[in-house]
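Colleague: Residue numbers (the working numbering), protein chains in the order written: chain A, 1 to 111; chain B, 1001 to 1355.
Simulated from the structure, these hints should not be mistaken for laboratory data. Heads up, the beta-carbon is just placed ideally off N, CA and C, and yes, glycines get one too. Treat the hints loosely; a few may be bogus.
What the hints assert, rightly or not - Calculated pairs, BS3-like style, for lysine-lysine (alpha carbon to alpha carbon, straight line, at most 25 Å):
(1) 1043(B) with 13(A)
(2) 12(A) with 1043(B)
(3) 1232(B) with 46(A)
(4) 1043(B) with 1332(B)
(5) 1194(B) with 1149(B)
(6) 27(A) with 13(A)
(7) 3(A) with 13(A)
(8) 46(A) with 1236(B)
(9) 46(A) with 91(A)
(10) 1312(B) with 1101(B)
(11) 1173(B) with 1236(B)
(12) 1332(B) with 1312(B)
(13) 1236(B) with 1193(B)
(14) 46(A) with 1229(B)
(15) 1332(B) with 1025(B)
What the hints assert, rightly or not - Here are some of the chain B residues that sit facing chain A, going by a computed Cβ distance under 8 Å:
(16) 1175
(17) 1178
(18) 1197
(19) 1215
(20) 1217
(21) 1219
(22) 1220
(23) 1222
(24) 1223
(25) 1230
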Amino acid sequence: MSKGYFQPEDLKKFGEITEFQEELGTKFFEYYGAVFEEGALTAREKSLIALAVAHTVACPYCIDAYSSTCLSKGADEEQMMEAVHVAAAIKSGATLVNSVQMMNHVKKKLM
Amino acid sequence: MAIKQRTQTLKRSQNKLNDTFLQLKVLSEAEQRVDGFQPFADKISDLTDAGITPSGIDIFQINIGKLCNQTCAHCHVDAGPDRKEENMDRETLEICLDIIKTHQIPTVDITGGAPEMNPHFRWFVEECTMAGATVMNRCNLTIIEAHKKYADLPEFFAEHGVHVVSSLPYFSKTRTDSQRGSGVFNDSIAALKKLNAVGYGIDGSGLALDLVYNPSGAFLPGGQEELEKEFKSQLKRRYDIDFNNLFVITNLPISRFLDYLIETDNYENYMDELVNAFNPATVQGLMCRNTISVSWDGYMYDCDFNQMLDLKVQAPGVHIKDFNKKELMERKIVVANHCYGCTAGAGSSCGGEIA
Chain A
1 MSKGYFQPED LKKFGEITEF QEELGTKFFE YYGAVFEEGA LTAREKSLIA LAVAHTVACP
61 YCIDAYSSTC LSKGADEEQM MEAVHVAAAI KSGATLVNSV QMMNHVKKKL M
Chain B
1001 MAIKQRTQTL KRSQNKLNDT FLQLKVLSEA EQRVDGFQPF ADKISDLTDA GITPSGIDIF
1061 QINIGKLCNQ TCAHCHVDAG PDRKEENMDR ETLEICLDII KTHQIPTVDI TGGAPEMNPH
1121 FRWFVEECTM AGATVMNRCN LTIIEAHKKY ADLPEFFAEH GVHVVSSLPY FSKTRTDSQR
1181 GSGVFNDSIA ALKKLNAVGY GIDGSGLALD LVYNPSGAFL PGGQEELEKE FKSQLKRRYD
1241 IDFNNLFVIT NLPISRFLDY LIETDNYENY MDELVNAFNP ATVQGLMCRN TISVSWDGYM
1301 YDCDFNQMLD LKVQAPGVHI KDFNKKELME RKIVVANHCY GCTAGAGSSC GGEIA
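Chain B on its own, in the form it takes in the complex (with noise of 0.2 Å):
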């Protein structure tokens, strides 16, 4: 079924805050903006004089393109349709492979954008899978359901092991479809039963499928045990759907996130709530910590919040071409006011809480 876009990229719509340093301002102006509001690298330099630092490079994750069958109206990608130039070629996969095997870096965890609408995926999944990585694929569910190309998605990621971790924002179709477009609920209902059809989420498969639940608006995320509790109970009783584990991920306020803050006037109360739920306990096992984040051409962030606002690791080389683990070991990792986003509560990771 036809997905009826919820809104236009920044891009496509010639938004301001299609420009990064814009988006940096508005974060920074938080600190007027809100009562009380300190800086985030204060907050972090009164818990540590050494600020974020890395504990490893556990996590490989490659941003493999911007091109997106959906645009959500969250995504902190700015990803769409219209985004078809942003997406890695070859060469520089092939750069990506190399440092995987080199480093024998355990997972490999590829988003986008759909990660599956680049020409290379396969060949790429095959690659890491033969190498012995992990393979950690951010799917959308709906691209399954897209055209006949990606109708047998689910059985090339059991053929290879992939690890799929797929957007769900609720169990319902109005709140889903709110967030993501019209259409992409039943698309996604649809598609996860493609995925426990080949084992995906079922006991005893060693097939991971894990869901990842955002709020569909401006608030923050509760306790991601009682979540999943919850939505195991109501996809089981109303579609018969499995899945492993629910990954709870706080909004971070950039890219169209931060826009719809700002459009709804939700912007302030948002960064306040963030502020007064930091966590001191989230800063240890922050993502930024264990994980190198790669842009479609080549470049290195601390996570993929980072890249998405052009904040480049702190390292003398900022290119997968000049990649030196012992250096980026070294680095501090770069922060600013939207890091709130990733210690609010329990913590906020790729992978759900962290606290």
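Chain A extracted, bound-state conformation (with noise of 0.2 Å):
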């Protein structure tokens, strides 16, 4: 049987991708954790953010690694729902905010 595309153990080979350029994937990685740090979002809130990023570029990885995430940081089933609505309505909007650019074009071209 073929094996799909996303293997949930390539998560753990993340680290790796320094093998093809050191300098720059170690550059990443620094520049990751930092991001991850308690700043003045706590970790809970930023790996919410994260969970509702991890939706929004569809990175079955991401999803994987940022649910375990925010359990562990305690955020509870609730918020982390909340947070995918909150990636989900900025994607629609995204989509229908256009629609005013095609109302526009519709609204000229018409009699």
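Fit chain to chain and form the complex, with the hints in mind.
Modeller: Structure below.
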């Protein structure tokens, strides 16, 4: 049977991207680590944002990772689903707001 | 309110994991089932030739019995309402008391089961406090609501200055009841209000009320400080409840939690997460280094988890009748793969994070 493209165990190999380009990979992971440290936002709030973004970019690795992280950081199911709804609202809103352009165009064309 | 039990004890359901030998076998099989899994004993040998050694006997932790009014899904003791036989008798408690007095052990940590269900519980607490020890009682909260004979426990605890440590896995009903049984959350909130009413958790009262958080599922806990802030804010906002500290504890893969991991196909992933989160900085602060754990029948262990796996202390005398502080201080702590639970991330002990 053929394997799918997404292999959950590949997430553990994320750190290995430095194998092909060490300097940039290392810089990325330093930045990544710093972003998720507690700052003006708590680590839990950042995890919820990451979970929402993971859904909009449809990254299964990120969804697995940040579902676990959100649980660990003490987020509950309702907060996690609300975060995804925020992402969904922005995504659908972004689609719909473009309809203003469509409306403008149509109104210009029509008598 | 009556609690609808979440599950049965392994003993009652005649689950094969009731056999501690089988639990140890499953734990050792992690070495084959998880890629790159290094046995815990080898991990420690890489750090120190001496292994894990005691730093003192500051805490005398007594598992006073397995009888409990709850049957929580993650319980490492396999406690429950059917465990009526395994309860410490007066004679064994008197030997414990003698050791506490003779060696001036500063802290007596009473756990169970629901410790308050042992008929000698109140007498023992009174004796320990008269001997000058600080008594820490691991109260499941719902026992206060379980029967009128326990309703005055908050006043009893306050009178004797007992340090109350209580499990509350989450500040929501769904998550709490899914781990501890239907009805547990509401009873826990009612009990916390009664503890607050006599001064527990209130600034300046001198009565300590700490809560214990452990994850309701196959994931590792996050940082203690952030979770404590969240618990404090949510419990205050939703229920006007105060407490002192939140202890974050990792679920160790033994007993009912091990059964849950296997049944839900989470065992390998969980062990993998524990190993990947190994933090050498936790080893110095492990609770097994300054604790002796005593079982209901008087045997001694390095910790409550080793007790449940029947891994007795590695010393000439393994029963409290043969308690010898010098020999115990010369022992090596017994380890197995479940110990990864205490060294993951910021570490885990009965007092929460350790690193």
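Colleague: Can you confirm whether the C-alpha distance between residue 46(A) and residue 1229(B) stays at or below 25 Å?
Modeller: Since the Cα atoms of residue 46(A) and residue 1229(B) sit roughly 16 Å apart, the hinted pair holds (cutoff 25 Å).
Colleague: Within 25 Å, alpha carbon to alpha carbon, are residue 3(A) and residue 13(A)?
Modeller: holds, 17 Å
Colleague: Are the Cα atoms of residue 1332(B) and residue 1025(B) separated by 25 Å or less?
Modeller: Holds: residue 1332(B) and residue 1025(B) sit about 22 Å apart, inside 25 Å.
Colleague: Holds or violated: are the alpha carbons of residue 1194(B) and residue 1149(B) at most 25 Å from each other?
Modeller: Roughly 15 Å separates the two Cα atoms, so the pair holds.
Colleague: Measuring from the C-beta of residue 1220(B) to each C-beta in chain A, is the shortest one below 8 Å?
Modeller: Check passed: Cβ of residue 1220(B) comes within 6 Å of chain A, closer than 8 Å.
Colleague: Hey, residue 1232(B) versus residue 46(A), does the alpha-carbon distance stay inside 25 Å?
Modeller: holds, 20 Å
Colleague: Taking only the CA atoms, is the gap from residue 1173(B) to residue 1236(B) under or equal to 25 Å?
Modeller: Holds. Residue 1173(B) to residue 1236(B) sits at ~15 Å (cutoff 25 Å).
Colleague: Checking one constraint from the list: CA of residue 1043(B) to CA of residue 1332(B), max 25 Å. Satisfied?
Modeller: holds, 15 Å
Colleague: Against chain A, with CB atoms and a cut of 8 Å, does the hint on residue 1222(B) hold up?
Modeller: holds, 4 Å
Colleague: Does residue 1223(B) hold up as a contact with chain A if the rule is Cβ-Cβ below 8 Å?
Modeller: holds, 7 Å
Colleague: When you check the alpha-carbon spacing of residue 1043(B) and residue 13(A), does it fall within 25 Å?
Modeller: holds, 22 Å
Colleague: Hint check: is the beta carbon of residue 1215(B) less than 8 Å from a beta carbon of chain A?
Modeller: holds, 7 Å
Checked against the numbered hints given earlier, this structure breaks hints 17 and 18; the rest are met.
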